[in-house]
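Student: Construct all of the structure, not just a fragment, from the sequences and the given hints.
Heads up, the sequence shown is in this note's numbering, so the first residue is 363 and it goes up one at a time.
It should be emphasised that the hints constitute simulated quantities derived from the structure, not laboratory data. By construction, the Cβ of each residue, glycine as well, lies at the ideal position given by its N, Cα and C atoms. Accuracy of the hints is not assured; some may be wrong.
Derived DEER-like restraints, expressed as beta-carbon distance ranges [unchecked claim]: (1) ARG586 <-> TRP412: 53 to 61 Å; (2) ARG526 <-> ARG440: 29 to 37 Å; (3) SER531 <-> VAL443: 37 to 45 Å; (4) LEU579 <-> ARG440: 42 to 50 Å; (5) SER439 <-> ILE578: 47 to 55 Å; (6) GLY370 <-> ILE536: 16 to 24 Å; (7) GLY441 <-> SER548: 28 to 36 Å.
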Amino acid sequence: MTELLYLGDCYISRFEAVVRDVTSEGVILDRTAFYPVGGGQPSDTGWIEWGQHRSQVTHVIKKDEDVYHVLSGELPSRGMVVRGIIDWEKRYKYMRYHTAIHILAGVVYYLYNSTITGSQISEDKARIDFTLEDLSKDKVDRIEYEANKIVDEARNVKIKFISREELISNPQLIRIKPELIPNLPSLRIIEIEGFDAQLDGGTHVSNTKEVGKIKILKTINKGRFNKRLEIVLM
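Tutor: So this is what it looks like as structure tokens:
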């Protein structure tokens, strides 16, 4: 089982770990701050160092309880102590976009009682799909305005852990299909102070001001009850 350091602190960019195993799928560490691809967020990239050696981490995946770091170059051996270094510029972009998606999700939920059906983050843009029948220009303008109000209010973004029972008793925290909720005794919540809280496993900034201005580039009709927003951060 790999300990996921980013779950408690998204700002860890360097760490030490022990190599648990080296497989054809990647290097397994006892702990990692690298985010594995999932939840609409790309994996982190960066480097793993040991002694005088340094190999690039090109991709990170999670299978069951283990995280596999795909390296280009030389591989460390089992039992070695290594240093992980995250490509911080890229990670921080993902953090900003992921928090922006939560802000937009909260705005659309409270304005129109609509939930997310999907999202995808990249380095320079993101998209979010909602269960909306109508998405007029007036609605788009309102969504963008309200989202940027939350950004400008510089609200703290907090990480909390609650029990599965607490989550089930607070359905407003659930913005995904119930069958997608992880079967874990403790679940992670991202709370935008005084505004919104959602079940989430990704990386986020610690204050909405860090997101920057949210600009809705375009809307796409994905079906009668499914509309897409594409955004960039300024």
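Student: The structure should be examined with respect to each hint, and the outcome stated for every one.
Tutor: Do the hints match the structure? See the list:
1. ARG586 <-> TRP412: 53 to 61 Å: 55 Å, holds
2. ARG526 <-> ARG440: 29 to 37 Å: 35 Å, holds
3. SER531 <-> VAL443: 37 to 45 Å: 43 Å, holds
4. LEU579 <-> ARG440: 42 to 50 Å: Given a distance of about 47 Å, which is inside 42 to 50 Å, the answer is holds.
5. SER439 <-> ILE578: 47 to 55 Å: Check passed, 49 Å falls within 47 to 55 Å.
6. GLY370 <-> ILE536: 16 to 24 Å: 22 Å, holds
7. GLY441 <-> SER548: 28 to 36 Å: 30 Å, holds
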